[in-house]
Every structure is written in C-alpha cells, then in structure tokens.
Amino acid sequence: AQKVTQAQTEISVVEKEDVTLDCVYETRDTTYYLFWYKQPPSGELVFLIRRNSFDEQNEISGRYSWNFQKSTSSFNFTITASQVVDSAVYFCALSEGRGGTYKYIFGTGTRLKVLA
Amino acid sequence: DAGVIQSPRHEVTEMGQEVTLRCKPISGHDYLFWYRQTMMRGLELLIYFNNNVPIDDSGMPEDRFSAKMPNASFSTLKIQPSEPRDSAVYFCASSRGTSGGLYTDTQYFGPGTRLTVL
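Sequence lines, in order, name chains F and Y. If you're matching positions, the first sequence starts at 2 in our numbering and goes up one per residue. If you're matching positions, the second sequence starts at 5 in our numbering and goes up one per residue.
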C-alpha cells in the first residue's frame, strides 16, 4: 500500500543550525512524484518542491536542499543555517497513479521549531 | 496571479446548522481538490473535480457532506447538518492538469477555512 512516513514528529534547533527532515515512502508504482510543503503558523500550505521518480539529482534552492534516494525510498529535506522564520510544519507527499487510481498521499508532518 | 481563494477563513456554527465553504481555484487550472486537516487524521483528500466534474468522492466521510463545482471558477463544500466532529481546517487546492497525467501535477493550496462546530 502507498504510504509516506515522517518519523520525526517535532524537531527543535537553535538558529543557524542545520536540520534535516526525513521522509520515507512506499509505493508499487515505478513512476511517481514526491513533494514537500511548508505550513507556517498562519496555516496555509506552501509548495516547496516537486521531484519525479526518475530524477535522483539532489536539488538546492538557497538554504534548502533535497536528497532523493530511490534505493532507500527516501526524500529528505535539509535546511542550512536555519532561521526563526523556518519554524513551521513540513509535509512530504507522494503522488502516483500513472496506471490506475490517482493517489496524493501526505505524511503526518514534522513540526520544526527554530529558537533564537 | 491570484492563488486559490477560500471563504470564509473562519466559521463558527452550532451543531445541526448547514455550513457552506467556498473556493475559487487558480485561473486555468483544470483540477480542484477538497481536503480536511485534523490533528488525529492529518490531511485527507475528500473529493476532486476535473473540468467541473466530480471524479473521486471516496474520501467524503458521510452523506452529510456534498460538493459541487457549477463552473470552472467556483466550488462549494457543504455540510448539512454539521456535527462537532466536523471541526477541522478545510483546504481547497487546484492543479493545472498536464498531458503527463494528474499524478505529475503540483497542487496549490488555498489558505484554508477553519471550521468550529459547537
């Protein structure tokens, strides 16, 4: 069955520390997409990144970077030099359904607290 | 470009009352999704539409819930009668719809409606 696991419920770091948020997924499809979203205290869900299953190149966007490893079914998210504004709940999501029923599955989220 | 618009942002109602949540998707997007977020169950997909037609409503919890999309720029989620366990944040999202298939799309979310049923 399809599943997205974010084992870290809550992480606290001090400003300027690096932090990695883990995401492990399960799927039987060979073609799928992975996403990360940010939900700040204001409540909206903000799209961060989309990655397809054939592209295992790491991606960097400013202080954000993503490491996709198909061998371990993981799509981890690292924030370098964290800032208080990074405090939010971060969700990983899996999208599949090329050959059948469409599924867009969210993990349970990791709450990141960045302390000044 | 404007993002997904939802109204109201907050709704407080009493048990038994009818509640209507509204959504305007991003212009040009062919798919619209309704989600519910609770602490216990996380983010759940309730229903989604393609070109105003409901495609999958298997996530709708009960017959008390109904959703419509009368045109490409407007959708409603209605709960009648409402119950305290319906209290949650309800999100609307939309996606463009590409030739690669729905599963390749990014969903863009609205700000959500926080519903409290007393």
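Among the clues, some could well be false.
[Said to hold, decoys possible] Here are the computed lysine-lysine pairs in the DSBU-like style, where the Cα-Cα straight-line distance is at most 35 Å: (1) 72/Y - 39/F; (2) 71/F - 114/F; (3) 104/F - 114/F; (4) 28/Y - 72/Y; (5) 39/F - 71/F; (6) 71/F - 4/F; (7) 104/F - 82/Y; (8) 82/Y - 71/F; (9) 4/F - 39/F; (10) 72/Y - 82/Y; (11) 17/F - 114/F; (12) 82/Y - 39/F; (13) 82/Y - 28/Y; (14) 71/F - 17/F; (15) 72/Y - 4/F; (16) 28/Y - 114/F; (17) 39/F - 17/F; (18) 17/F - 82/Y; (19) 39/F - 28/Y; (20) 72/Y - 71/F; (21) 104/F - 28/Y.
[Unchecked claim] With the C-beta cut set under 7 Å, the calculated list includes, among others, these residues of chain Y facing chain F: (22) 11; (23) 20; (24) 43; (25) 74; (26) 78; (27) 106; (28) 107; (29) 115; (30) 120.
Just so you know, the hints here were simulated from the structure itself, not pulled from any lab data. Cβ coordinates follow ideal geometry from the N, Cα and C atoms, glycine included.
How the hints compare with the structure:
Simply put, residue 72/Y and residue 39/F have alpha-carbon atoms about 28 Å apart, close enough for the 35 Å limit, and the pair holds. At most 35 Å may separate the alpha-carbon atoms for a hinted pair to count; residue 71/F and residue 114/F meet this at roughly 28 Å. Simply put, residue 104/F and residue 114/F have alpha-carbon atoms about 30 Å apart, close enough for the 35 Å limit, and the pair holds. Taking the CA atoms of residue 28/Y and residue 72/Y, the gap is near 12 Å; set against the 35 Å cutoff, the hint holds.
Taking the CA atoms of residue 39/F and residue 71/F, the gap is near 23 Å; set against the 35 Å cutoff, the hint holds. Note on residue 71/F and residue 4/F: the hinted pairing holds, with a Cα-Cα distance of about 15 Å set against a maximum of 35 Å. Pair hint residue 104/F plus residue 82/Y holds up; C-alpha atoms about 23 Å apart against a cutoff of 35 Å. For a cut-off of 35 Å, the pair hint linking residue 82/Y to residue 71/F is broken: about 41 Å separates their Cα positions.
A hinted pair counts as satisfied when its Cα atoms are at most 35 Å apart, and residue 4/F with residue 39/F qualifies at roughly 19 Å. For a cut-off of 35 Å, the pair hint linking residue 72/Y to residue 82/Y stands: about 8 Å separates their Cα positions. Using a Cα cut-off of 35 Å, the hinted pair residue 17/F and residue 114/F holds, with the two alpha carbons roughly 12 Å apart. Of the pairs offered as hints, the one joining residue 82/Y and residue 39/F holds, with about 27 Å between alpha carbons and a cut-off of 35 Å not exceeded.
For the given pair, residue 82/Y sits about 15 Å from residue 28/Y by alpha-carbon distance, which is consistent with the 35 Å threshold. Taking the CA atoms of residue 71/F and residue 17/F, the gap is about 30 Å. The hint holds against a cut of 35 Å. Of the pairs offered as hints, the one joining residue 72/Y and residue 4/F holds, with about 29 Å between alpha carbons and a cut-off of 35 Å not exceeded. Annotation: proposed proximity of residue 28/Y to residue 114/F holds, straight-line Cα distance about 32 Å (limit 35 Å).
The hinted pair formed by residue 39/F and residue 17/F meets the criterion: a straight-line CA distance of about 19 Å does not exceed 35 Å. Only pairs whose Cα atoms come within 35 Å are accepted, and residue 17/F paired with residue 82/Y is rejected, the gap being roughly 45 Å. Between residue 39/F and residue 28/Y the alpha-carbon distance is near 21 Å, which keeps this suggested pair within the 35 Å criterion. Note on residue 72/Y and residue 71/F: the hinted pairing is violated, with a Cα-Cα distance of about 39 Å set against a maximum of 35 Å.
Of the pairs offered as hints, the one joining residue 104/F and residue 28/Y holds, with about 23 Å between alpha carbons and a cut-off of 35 Å not exceeded. Interface hint at residue 11/Y: violated, since its Cβ lies 14 Å from the closest Cβ of chain F, which is beyond the 7 Å cut-off. With a cut of 7 Å, the hint placing residue 20/Y at the interface with chain F is violated, because the nearest CB-to-CB distance is about 27 Å. Taking 7 Å as the C-beta contact cut-off toward chain F, the hint placing residue 43/Y at the interface is violated, the least distance being around 10 Å.
The interface hint given for residue 74/Y is broken, as the beta carbon of that residue sits about 23 Å from the closest beta carbon of chain F, more than 7 Å. Against a cut-off of 7 Å between C-beta atoms, the interface hint on residue 78/Y is violated, since the closest Cβ of chain F lies about 20 Å away. Contact between residue 106/Y and chain F, as hinted, is supported at the beta carbon level, the nearest pair being about 5 Å apart and thus within 7 Å. The beta carbon of residue 107/Y is positioned within 7 Å of a beta carbon in chain F (closest approach about 4 Å), and the interface hint is therefore held.
Interface restraint check for residue 115/Y: the shortest CB-CB distance to chain F comes to about 5 Å, inside 7 Å, so the restraint holds. The criterion of a C-beta within 7 Å of any C-beta in chain F is not met by residue 120/Y, whose closest approach is roughly 14 Å, and the hint is violated.
The structure fails hints 8, 18, 20, 22, 23, 24, 25, 26, 30 (numbered hints given earlier, in ascending order).
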